[in-house]
Amino acid sequence: MITYLYAVGRDLGTLPDVGSGGVGGGELRLVAEAGLQAVVSDVEREAFEDLDAQQEDLTWLAAVARAHHGVVEAVGREHAIAPLALATVYLDDDRVRSVLRESREGFTAVLDRITGRDEWGVKAYMRPSGASGGSGSAAERPASGAAYLRARRTALREGDAAVTEAERAADEVDAALAAIAIESRRHPPQDRSLTGRTERMVLNGAYLVDRASAEDLRALVDRLAEGTRLDLELTGPWVPYSFAGGGA
Amino acid sequence: MTVEHRETSLFGDREVALVDLLDRLLAGGVVLTGDLTISLAGVDLVRVSLRALITSISPAEPTVPLAVPSERVGDG
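Chains S and F, in that order, give the protein sequences. Using this note's numbering, the first residue of the first sequence is number 11, and each one after it goes up by one. Using this note's numbering, the first residue of the second sequence is number 152, and each one after it goes up by one.
In short, the hints are calculated from the structure, not lab data. Backbone N, C-alpha and C define an ideal beta-carbon position, used for all residues, glycine too. It is possible that part of the hints are untrue.
Some, not all, of what chain S presents toward chain F, calculated at C-beta under 8 Å [what the hints assert, rightly or not]:
no.	residue
1	Trp70
2	Ala75
3	Ala95
4	Thr98
5	Arg105
6	Val109
7	Gln200
8	Leu204
9	Thr205
10	Asn214
11	Ser252
12	Gly255
To be clear about the criterion: a stretch of chain S counts as covered by chain F if any three or more of its residues have a C-beta under 8 Å from a C-beta of chain F, and this derived list gives those stretches [claimed, not checked]:
no.	stretch
13	76–83
14	113–120
Construct the entire structure; sequences and hints are all you get.
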C-alpha cells in the first residue's frame, strides 16, 4: 500500500464522513506535521505504478477523479484546503510528513490565498446564428459551381467574423468577471465533442471570489448575459483547484 | 439571453460534469513531485478521448452521473 495525498489544510480537526471513502474505497485519515494536516488514504501501489497505461483506461481515470473530488469537496465544505494535483502518491506517511515540512511555506501561501474564497466557473458559448436562415432549400441552391464557391466563401468569411466577434465578447465577459475576482484564469475552451453542444465554446474561465461576494458574482453573470450575444453557463462554487497551482 | 447554473456539490448535492472537473484536476491543484513519477503528458489526449467515455456511459446510469441537471437562473 502507498499513500495517496488529496489535500492539505490547517486545523482540519476531524474528517467529515465521506461515504464512499477515498480512491479505491480506502479509509481517509490525517497525517499531521509542521502545523499542517494532509488528507490521505492508502491505495494499491500497482494501480499507480503504470499510470500511463492506466490513463488509457478512462473509466479508471474518471473513478480516480471522482473519488479525489469527492474527498476534496467533503473536506473543503468545512475547511480551507489546498487540493493536490490528481494522483499525487507517496511511498508512506513518513514521506508525506517530510513533504509537509519541506513545502510548508508554499502550502501556507496557497491556503492564505484561498481561505474564505471559492472558485466559480463561467463558460460562454457562441449562439447559433439563427438569423442567417436555413440552408439547402431548393430556392437557395446556387445556379452554378462558381456561384456555389462564391456563396461558400462568403459563408466562411461570415463565420470567421462571427467567431472573432464572439471571442471579443468573451474577452469582455472575462474582463468584467476578473474585475470582481481576486484572481482569474482561463482554461482552454472545451471541445464540442466533450461539451455535447453544437455551439462553439469561446470562454472557459475560472474566478476566485470572496465568499461574501458570491451574490455579486451571480448578479454580474446575469447582467452580462443580458448584454451579450453569448450563452453563459455558471458552475460552482468549486474548491479553488484552479488557484492552488504553482504554490507549494 | 440565458444563464445556466450548475451547482457543484459544495453547497448542493448535484453532480459536476466530468469534463469541468478534469479541467480543474488536470490543470489545477498543488503540484508536488510524488514518489512515483506520474506523467500527465497525455492530458490532451485524455480530454479528447473523454468523449468515448462520456458516450459509453448511459445517462440513465445512476451511479456515474455525468450529465448535470442544470438550473436556469436567468432568462431573457
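Right, here's what the structure says about each hint:
The closest approach between the C-beta of Trp70/S and any C-beta of chain F is roughly 10 Å, which is over the 8 Å cut-off, so the hint fails. Proximity of Ala75/S to chain F holds as hinted, the smallest CB-CB distance being about 5 Å (cut-off 8 Å). For Ala95/S, the interface hint holds, since its Cβ comes within 8 Å of a Cβ in chain F; the closest pair sits about 4 Å apart. Because the closest C-beta pair between Thr98/S and chain F is about 5 Å apart, less than 8 Å, the hint holds.
Annotation: Arg105/S was flagged as interfacial toward chain F, and the flag holds, the nearest CB pair being 6 Å apart, inside 8 Å. For Val109/S, the suggested interface contact is upheld, since its CB lies about 6 Å from the closest CB of chain F, less than 8 Å. Using the Cβ-Cβ criterion of 8 Å, the hint placing Gln200/S at the interface with chain F is satisfied: the shortest such distance is roughly 6 Å. At its closest, the beta carbon of Leu204/S sits 5 Å from a beta carbon of chain F; the interface hint therefore holds under the 8 Å criterion.
Against a cut-off of 8 Å between C-beta atoms, the interface hint on Thr205/S holds, since the closest Cβ of chain F lies about 7 Å away. Hint status for Asn214/S: holds, given a least beta-carbon distance of 7 Å to chain F, under 8 Å. Of the supplied interface hints, the one on Ser252/S holds, with its beta-carbon coming within about 4 Å of a beta-carbon of chain F, less than 8 Å. Because the smallest distance between the Cβ of Gly255/S and any Cβ of chain F comes to about 5 Å, under 8 Å, the interface hint for this residue holds.
Check result for the stretch 76–83 of chain S against chain F: holds, 4 residues qualifying (beta carbon to beta carbon below 8 Å, three or more required). Residues of the stretch 113–120 of chain S lying with their CB closer than 8 Å to a CB of chain F number 4, which satisfies the three-residue condition for coverage.
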